[in-house]
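J.: Protein chains in written order, with the working numbering: chain A, 5 to 262; chain B, 3 to 159.
Don't take each hint at face value.
Claimed, not checked - Beta-carbon label-pair distances, calculated as ranges: (1) PRO228(A) / GLU51(B): 55 to 63 angstroms; (2) ASP45(B) / PRO241(A): 33 to 41 angstroms; (3) GLU51(B) / GLU75(A): 23 to 31 angstroms; (4) GLU75(A) / LEU57(B): 30 to 38 angstroms; (5) GLU75(A) / LYS26(B): 15 to 23 angstroms; (6) PRO228(A) / ILE11(B): 34 to 42 angstroms; (7) ARG202(A) / THR4(B): 13 to 21 angstroms.
Treat the hints as calculated values from the structure; they're not laboratory data. Small disclaimer: the values here were computed from a predicted structure and weren't measured. The beta-carbon is built from N, C-alpha and C at its ideal position, and this holds for glycine as well.
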Amino acid sequence: MFTKKESATEYVIHHITNLSIGEGAWTLHPDTLFFSWLTGLFFVGLFWLGARRATAGVPGGLQNFVETVIEFIENSVKDSFHGPRDFVGPLALTIFVWVLLWNLLDLVPVDYVPMFAYHALGLEYTRIVPSADVNAPFALSLSVLILMVVYSIKGKGWGGYGKELLTHPFGSFPLVAPFNLLLNIVEMIAKPVSLALRLFGNLYAAELIFVLIALLPWWVQWIPGGAWALFHILVVPLQAFIFMTLTIVYLSLAYEKH
Amino acid sequence: MTVSIGTLIAQGITFFIFIYATMKYVWPPITKAMQERREKIADGLAAAERGKSELEAASAQVDSLIRDAREQAMEIVEQANRRAGDILGDAKSEGEKARERQLASAKAEIEQSLTRARDELRKQVAVVAVASAEKILAREIDASKHRDILDKLAAEI
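Bound-form chain A, shown alone (with noise of 0.2 angstroms):
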């Protein structure tokens, strides 16, 4: 374990293997809980902080900060979105932040907090990336899924939703009903599945990388593994944007009617 020793197959295994709990599909990984949830409530204790105390006035420096980034997300929604904003409003800061929250964990080296969990809390396995881990982005995917269903039926009615279904995008032609609704129920899938997997991907595979670089002789890692990092800054807040900017129009496709 985390010396040269082992090789490097079992070591780049062991840094992609998730702590777990149980067995086969209902096993948890208190890994990607545990930072998801650390970074989240970091995120709502930050912004709780700089929202509390809120003024008209003169903004404390805390405040203007999170005033610069809900405006950011704001001007994304309104230009995207049409409808009722505070749910959208906080859905997309929350998925925003939250997600470059847990892509910005990538950039910790990709040893020390494992080494640290292994030698002071003896666990196994500890991957501190949730966006690394398929299941944390199915998670957030999923719940915009459920979300598209909620809107589409808030902004069309279940009648009007039906109907599209039914309808779109053949025409109304009894005939072709089986096919639209097919090829809707496959849309319907698609959106969450490649909205999570591009994100996944992304930081899967950047994640992996670190963890090559580190199987080379620690005295040239800083070449390869800084110039990696530097552009890791810029995929980091893309792939947080991307996301949200996605969910934001994927739940107007949903509330508007077409």
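Chain A is already provided as a structure; the job is to place chain B on it using the hints.
T.: Only chain B this time, still in chain A's reference frame:
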């Protein structure tokens, strides 16, 4: 990369809890504060604009007041000048008259004195003439006999 339904569900629930917390404690106060600030800034700008136009109106009023005052002052000075001229003229004519009056009275006095002196002189001449004539004639002429001639002479002188 293993699918873990437990993690999936737990993450989903966490997600909604965080959205709820954001919706309740973060989003509304911040957006409200930003909205209020926007309104405050708009109000401030409108007030500044109003103040500027008020200042312009006030300075225009000040200009017209100054112009009026200047005109009035000029009028007053002119009036005063005219008045001074009048007073001077009056005084001059008054002085002239007084001088003429005094001159006339002085002349009259002189005339009077002259007349008086002449009368006196005439009388004295007559007396002297008579006296001298008496002295001359004392020897040859009797004063009482020739009185009528002497009187005639005194009257002629």
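J.: Hints first: check each against the structure and report whether it holds.
T.: Against the structure, the hints come out as follows:
For PRO228(A) and GLU51(B), the hinted distance range of 55 to 63 angstroms is satisfied, since their beta carbons lie about 60 angstroms from each other. Taking 33 to 41 angstroms as the suggested C-beta distance range, the pair ASP45(B) and PRO241(A) conforms, at roughly 36 angstroms. For GLU51(B) and GLU75(A), the Cβ-Cβ distance of about 26 angstroms falls inside the hinted range of 23 to 31 angstroms, so the restraint holds. Look at GLU75(A) against LEU57(B): about 35 angstroms separates their beta carbons, and that is inside 30 to 38 angstroms.
The hinted range of 15 to 23 angstroms is satisfied by GLU75(A) and LYS26(B), whose Cβ atoms lie roughly 19 angstroms apart. In this structure the supplied range 34 to 42 angstroms holds for PRO228(A) paired with ILE11(B), their Cβ-Cβ distance being about 38 angstroms. Our hint of 13 to 21 angstroms for ARG202(A) and THR4(B) holds, since their Cβ atoms are close to 20 angstroms apart.
When held up to the earlier numbered hints, the structure conflicts with none and fits them all.
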